[in-house]
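Colleague: Fit chain Y to the known structure of chain E by using the hints.
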Amino acid sequence: MLPGWTVAGKYRLKSGEVPAKSFFWEICGLNKAVVELNRVCKDYGGQRALSDISLTVADGEFLSLLGPSGCGKTTLLRLIGGFEDCTRGSLLIDGQAVDQSPPEKRAVNTVFQNYALFPHMTVFDNVAFGLRMAKKPAAEIDQAVAQALELVQLAGMERRRPTELSGGQQQRVAIARAIVNKPRVLLLDEPMSALDHRLRKQMQKELKQLQRTLGITFILVTHDQDEAFAMSDRVVVMQHGQIEQIGTPMEIYEEPVNLYVARFVGDINVLDGVIREQTGPSTFKALVEGAAVSLKSMRPLSLGQPIHLLLRPEDFRLELEQDMAESQDLSAKFQQARLKGTVRRIFYHGATYDVEVALESGTRVQVTEFFDDDSENLYFKPGDSVALGWHEGWEVVLPHEK
Amino acid sequence: MKNSSSFRRLLIGSTYFWMAGLALVPYLILLGASFLERGEGTLVSSHVTSANYLHLLSPTVFSMALDSIGLASVAALLCLLAGYPFAYVLAQSSAKLQPLLLLLVMIPFWTNSLIRTYALVMMLKADGVVNALLLAAGLIDAPLQLMYTPMAVFIGLVYTLLPFMILPLYAALKAVDPRLLEAGRDLGAGRVQNFIKITVPLTMPGIIAGTMLVFLPALGMFYISDILGGARSMLLGNYIRDQFLVFRDIPTGSAASVTMTLAMGFLLLLYHLASRRLGKEMLQ
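These protein sequence lines map, in sequence, to chains E and Y. The numbers in my numbering rise by one with no breaks, and the one at position 156 of the first sequence is 156. The numbers in my numbering rise by one with no breaks, and the one at position 31 of the second sequence is 31.
Honestly, the hints are just simulated from the structure, not real lab data. Bear in mind that the values here come from a model prediction, so they are computed numbers and not experimental data. Incorrect hints may appear among the rest.
As the list claims (entries may be wrong) - Calculated lysine-lysine pairs in the DSSO-like style (CA-CA distance at most 30 Å, straight line):
1. K96(Y) x K136(E)
2. K135(E) x K197(Y)
3. K105(E) x K136(E)
4. K125(Y) x K105(E)
5. K182(E) x K197(Y)
In isolation and in its complexed conformation, chain E is listed as follows:
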């Protein structure tokens, strides 16, 4: 390593100096872990709420816990916040075991679902609460509160009571009240569930922006896949107290590990098939819904193995059979897969429209099409005979689940 070599302008090493551990993490593009859960279980009176959760959250990361209600995502968040104890397993924050620490001793703050603002205090007193508990000097508190309220665009609201604020403003106070303490981790428990659609979209952007500005690790609990995808670096999909998949939004969406994850994150079509032949290291021929198709998959699949073929509505190619007959170019695109079907219904969505197609096997699939710039009319109408294929390599193959 050259003396005086810099990384991101932050570290300049003199010759002979031993770089800090974080240095290595940083040049590897990895931040050190701020929250670590090792094989954590949580029981409520014999009922298992979380089983065998292992999860590492990197410093500065925006992580979402995604799942339906009752999947254990809120329990997991409360565990990190200190409001629940682990039945088994260990929880580390910044490398320190905190299983025995009460919430007030953890460098973690929470934005609660209902905001839990103190109704008997002004906005200023709400935001200053944590700093006062930490016995900070008054001048420092004044400055920090003003700065936090500035960040959430509530400057000038210091003297108001929470009851005098709109839902969106209350939410901002709750965020300011948490971030003013400069926590290592900010926990957000479905913070936007009480806001209307437009405000929710706006708050999502602002929260993401805030997280970049502050560089604090955010852990967000949500049941809304759009919200999780729009904001997170990584998403943890949960079900029945277990982690189903951890990955970037793109990984989760495009390579779901099982049917549950695939169905939870957005619309998906599940076709059934069976492997006929392996044609290469990751290419197969299979019979899907009665048609012979070629597939790509990194999974080890054996001959005769029943499979699910997963396709998002936007992954399909759809053409009229009569057009296919007239054009060689068109039918060339359907070489690897060509399923026959009939258009049943059309759903208009503005920029796109959905076509419901009944395949010859009886299975119904949903296909999303974009409007053709040249044509003012919808290209398909109910009753049309159509050919259904998909963009090569966009399919996901899973072993058949019962």
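Modeller: Okay, now just chain Y, sitting in the frame of chain E:
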């Protein structure tokens, strides 16, 4: 339909009738009597005067009023100190236990308070239960003088009035959102700080209500200080009773009653204003 509405009118009407007959009319008579002179041979004469009220301005009555207010204040404070922990435990206990504990609070109400005060005498007298227990435990050598002391009066007042403190406090504590306490913990407050900064301010309406409900009756509960305190210090309640029953001075007794009622009404008005202000702040 017509039947049920006339039945309703009958019910509401009879309530108004009883209220008018048993509360309003006697009170108007009292108010009238307070402006009349004492008669020879008759209860009152027909001379209108304000002398009865001026009479109340005397130093004796004034110091008596101060004594009463002092006694009622201490009784209210003792009830608050005894009632808050109980109400706190009550509000925190399991949903199954709560009705039972509430029942224990209510049971003494089923017995007349005068009888319960005499029962206290049995407990507190020199050869009573308390002294017997203390002697048997070897904590004291000779019986303590409990009866006819201020302490006996306070024991009696607190015993009689404690439920009036516990019930509003319980209602206020039940209404405190536990999520606010979690938010407090999350922001670095320990249990004690949480209690001081969040629970106490949020239960202030209950504290004020309970204090009023103890303080106001304590002002007029003459029989407790009579029986347990030996009537050594004159209180407003005793004074009013004596005017009516001992001295047969109906106008002075009436004037004292009217004044005390007005003072209580004023306090209730203050309470109403305070709780409305607090209530507005509490509403989320």
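Colleague: Looking back at the hints listed earlier, which ones does the structure fail to meet?
Modeller: 1, 4
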